[in-house]
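Line by line, the protein sequences give chains X and A.
Counting from 1 along the first sequence, just add 2 to a position and that's the residue number in my numbering.
Counting from 1 along the second sequence, just add 132 to a position and that's the residue number in my numbering.
Rather than coming from a laboratory, the hints here were simulated on the basis of the structure.
It cannot be assumed that every hint is accurate.
Only pairs whose alpha carbons sit at most 20 Å apart, straight line, appear in this in silico EDC-like list of lysine to aspartate or glutamate [stated by the list, open to error]:
#1 X/Lys-118 <-> X/Asp-106
#2 X/Lys-198 <-> X/Glu-234
#3 X/Lys-437 <-> X/Asp-402
#4 X/Lys-254 <-> X/Asp-371
#5 X/Lys-118 <-> X/Glu-145
#6 A/Lys-203 <-> X/Glu-448
#7 A/Lys-205 <-> X/Asp-402
#8 X/Lys-465 <-> A/Asp-173
#9 A/Lys-203 <-> X/Glu-441
#10 X/Lys-83 <-> X/Asp-402
#11 A/Lys-162 <-> A/Asp-173
#12 X/Lys-266 <-> X/Asp-300
#13 X/Lys-83 <-> X/Glu-113
#14 X/Lys-494 <-> X/Glu-470
#15 A/Lys-205 <-> X/Glu-448
#16 X/Lys-266 <-> X/Asp-253
#17 X/Lys-445 <-> X/Asp-45
#18 X/Lys-465 <-> A/Glu-283
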Amino acid sequence: MKKKSTKTKILCRLLTATLVSGVVFAGAGKAYAGEENYTYVYDYWEDVQESPDAYTVSRVFDFNALGISGNLKSPESLYVKGDQVYLCDTGNNRILVLERSGSDELSFVQEIKTVKGAEPETFSGPADIAVDNDGNYYIADRENNRVVKADPDLNFIMQFTKPDDEAIGAEQAFKPDKIVCDTAGRIYCESAGINKGLLKFEEDGTFSGFVGATRVSYNFIDYIWKRLASQEQRAQMISFVPTEYDNVYMDKEGFIYAVSGGLKEEDLDAGTVDAVRKLNMMGTDILVRNGDYPVFGDLYWGGAGGISGPSYFKDVTVLDNDIYICLDQKRGRLFGYDDQGRMVYAFGGNGNQAGYFRNPVSIEHMGNDLLVLDQLDCTITLFIPTDYGSLIYQAMDQFDNGEYDEAQATWEEVKTLNGNYSLAYIGIGRSLYRKGEYEEAMKYFEAKYDDENYSRAYAQYRKQWIRENIIGIVVVILALFLVPLSIGRVYKIKEDIDNADIFKLSK
Amino acid sequence: MSKKYSKKESKEEKRARRAVNFDRYKKSLKFGFYCISHPLDGFWKLTHEHKGSMAAANTILILAIFTRIIKLKYTSFLFLQVYWEDINILLYIASILFPLALWVVGNWALTTLFDGKGRLGDVYMGTCYGMLPYPLIQLPLMIVSNFVTIEEGQFYSVLSVLSLVWCLILIVCGMGQIHAYSAGKTLLFTVASLFAVLVMIFLLMIFFSMVTQGVAYFISIGRELMYRM
Chain X
3 MKKKSTKTKI LCRLLTATLV SGVVFAGAGK AYAGEENYTY VYDYWEDVQE
53 SPDAYTVSRV FDFNALGISG NLKSPESLYV KGDQVYLCDT GNNRILVLER
103 SGSDELSFVQ EIKTVKGAEP ETFSGPADIA VDNDGNYYIA DRENNRVVKA
153 DPDLNFIMQF TKPDDEAIGA EQAFKPDKIV CDTAGRIYCE SAGINKGLLK
203 FEEDGTFSGF VGATRVSYNF IDYIWKRLAS QEQRAQMISF VPTEYDNVYM
253 DKEGFIYAVS GGLKEEDLDA GTVDAVRKLN MMGTDILVRN GDYPVFGDLY
303 WGGAGGISGP SYFKDVTVLD NDIYICLDQK RGRLFGYDDQ GRMVYAFGGN
353 GNQAGYFRNP VSIEHMGNDL LVLDQLDCTI TLFIPTDYGS LIYQAMDQFD
403 NGEYDEAQAT WEEVKTLNGN YSLAYIGIGR SLYRKGEYEE AMKYFEAKYD
453 DENYSRAYAQ YRKQWIRENI IGIVVVILAL FLVPLSIGRV YKIKEDIDNA
503 DIFKLSK
Chain A
133 MSKKYSKKES KEEKRARRAV NFDRYKKSLK FGFYCISHPL DGFWKLTHEH
183 KGSMAAANTI LILAIFTRII KLKYTSFLFL QVYWEDINIL LYIASILFPL
233 ALWVVGNWAL TTLFDGKGRL GDVYMGTCYG MLPYPLIQLP LMIVSNFVTI
283 EEGQFYSVLS VLSLVWCLIL IVCGMGQIHA YSAGKTLLFT VASLFAVLVM
333 IFLLMIFFSM VTQGVAYFIS IGRELMYRM
């Protein structure tokens with residue numbers, strides 16, 4: 003977090019304010035947009051900046067529109083593979099397969115209710131599904147405490163059950179909530195109540211340990227109390243436990259994005275916990291966090307409408323251009339971040355209109371289109387990018403492909419649509435930097451306080467400047483040395499002349 | 133016109149007097165450099181041997197305030213990011229003047245009871261002279277900040293802190309020398325003066341909140357009367 007004012011400034015502010023009017027200003031005032039736009043971003047100063055809509059609702063699908071018999075019952079998860087959308091209708095113990103048949107069409111294909119040869123064949127609370135490249139299904143059958151693997155024709159292949167491992171207590175149930183599978187057929191499973199990380203199963207079903215345990219957070223005072231407490235007292239205290247993940251997503255490169263909601267305000271403030279993590283094969287967090295503020299959704303946690311506290315990230319999806327979009331269940335908002343951890347857009351809200359949610363639980367993407375599942379409304383909302391959103395994606399793609407002229411032009415267009423958009427300025431600056439126009443680039447970076455890029459451009463600019471003006475610099479330095487020396491010499495000669503014998507003689 | 137110059141002086145006399153005064157001012161200003169490099173000796177001579185002048189003290193103070201303001205605009209954004217919407221220049225000026233006034237009055241009020249040799253003006257002069265390192269370091273630092281990258285900028289924060297620490301040491305040393313205190317007594321009275329400052333802030337807050345409430349009381353009575361009539 004940035005410090006806008008020094009302590010002395012605040013103190014002085016308090017003092018003078020009391021002197022002048024007897025009214026005490028409360029801390030550093032921050033401009034805050036009371037009326038919120040549908041889409042917004044935060045600027046460098048963490049002020050809310052309204053933004054054009056990056057996404058617009060194409061259509062909202064309920065069970066009628068999808069052509070399904072009978073309403074959905076507390077559906078929990080969406081999964082997209084190619085054109086197929088898998089919808090876990092958890093309450094009805096079935097999985098529905100849908101197909102994107104048109105730009106705003108989702109049509110019903112089949113219903114998965116049983117797996118032939120499994121024991122039992124039916125599901126009980128199927129919470130999540132994953133499909134590998136061979137078309138095999140992995141179904142998290144939560145209440146049956148197993149993950150079922152089935153072939154494309156729904157014949158039972160194998161199942162993953164509670165691992166026989168001392169790290170999981172005997173009383174702890176295996177309730178697979180969320181699963182992802184990688185290209186090698188390994189699965190990573192998030193199980194309700196197990197907070198040591200994701201359970202990793204090899205292809206043959208053996209449990210090979212936990213991946214990516216979250217950091218344990220505790221504050222120092224609690225720690226000291228705990229050290230002082232007796233054994234019995236300690237047992238009564240809350241133990242420092244890591245938080246569970248809420249959801250996982252595997253991107254196209256095989257990195258696992260994991261989100262955890264329900265984090266405590268003070269932990270987020272102190273930066274001891276992460277709402278979003280990107281795990282590599284070793285389970286270490288490699289998420290880039292170069293933004294001006296942490297990746298945890300809303301920066302203001304005010305209690306408007308009876309809702310307070312930080313955003314609750316329930317699900318995440320990663321677009322092909324590495325933009326990841328987190329779903330805030332608490333305020334029904336979607337937060338997009340780029341690969342540097344800078345906010346691209348935020349939109350949504352709680353409500354009954356299209357584009358607003360009551361209890362969103364799952365988000366998936368199909369190309370750049372987004373699908374959001376609302377558990378309470380039992381609907382799927384299909385978002386498609388607007389011109390503004392498409393331009394942002396286009397500019398990022400162009401930059402990644404090395405088309406810097408085009409990227410700059412596209413970012414200029416984005417800037418025309420949204421003059422407050424930091425990413426547009428930084429995007430133009432980065433394009434200019436790549437093209438070698440350092441002085442121009444510096445202006446754009448300075449406008450949005452991007453100190454790292456500015457420094458990089460400035461270092462190049464300075465090098466160039468010195469190379470061009472090296473003669474002048476040498477002349478100035480020489481002059482600085484020679485002028486005082488020669489002045490001294492002139493005085494000395496003058497003195498010599500004044501004291502010369504011939505002049506004395508003439509007197 | 134004071135008695136000394138009551139008789140009409142000629143133009144030459146006037147010019148000569150001005151030249152002498154200006155010379156004294158220049159000397160006293162230059163003495164500031166001696167003070168910051170020789171705190172103990174310097175601050176002793178400042179008041180006890182009348183090497184300093186009020187004019188020079190005011191100059192240094194104005195220079196410090198000027199530095200504090202100009203810094204906002206001309207420091208590179210790498211080191212100082214300014215939220216312009218929130219800037220009040222009067223508050224910035226007050227941020228130096230107000231603590232200064234509290235310190236000077238608080239310190240004088242205490243030390244005058246505990247055989248401090250300095251008068252109110254002496255404390256003010258000493259404190260102002262002690263602030264000299266602030267513009268002296270901050271102004272060049274501000275210029276240099278525009279010619280470095282953030283990786284090379286480590287020295288900025290070090291020098292910035294150094295300028296403040298130097299000022300603090302000078303003000304404490306100066307206070308001790310002005311009142312002819314021993315080292316222990318100096319430290320004791322530094323802490324005591326800070327407490328005096330807190331007490332003054334407390335009293336001011338009470339005073340002003342009472343005044344506002346009192347005024348509000350009469351305003352509401354007046355308003356009530358106007359409604360009734």
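**Asked** Looking back at the hints listed earlier, which ones does the structure fail to meet?
**Response** When the structure is compared with the hints, numbers 1, 2, 7, 8, 9, 10, 14 and 16 turn out to be violated.
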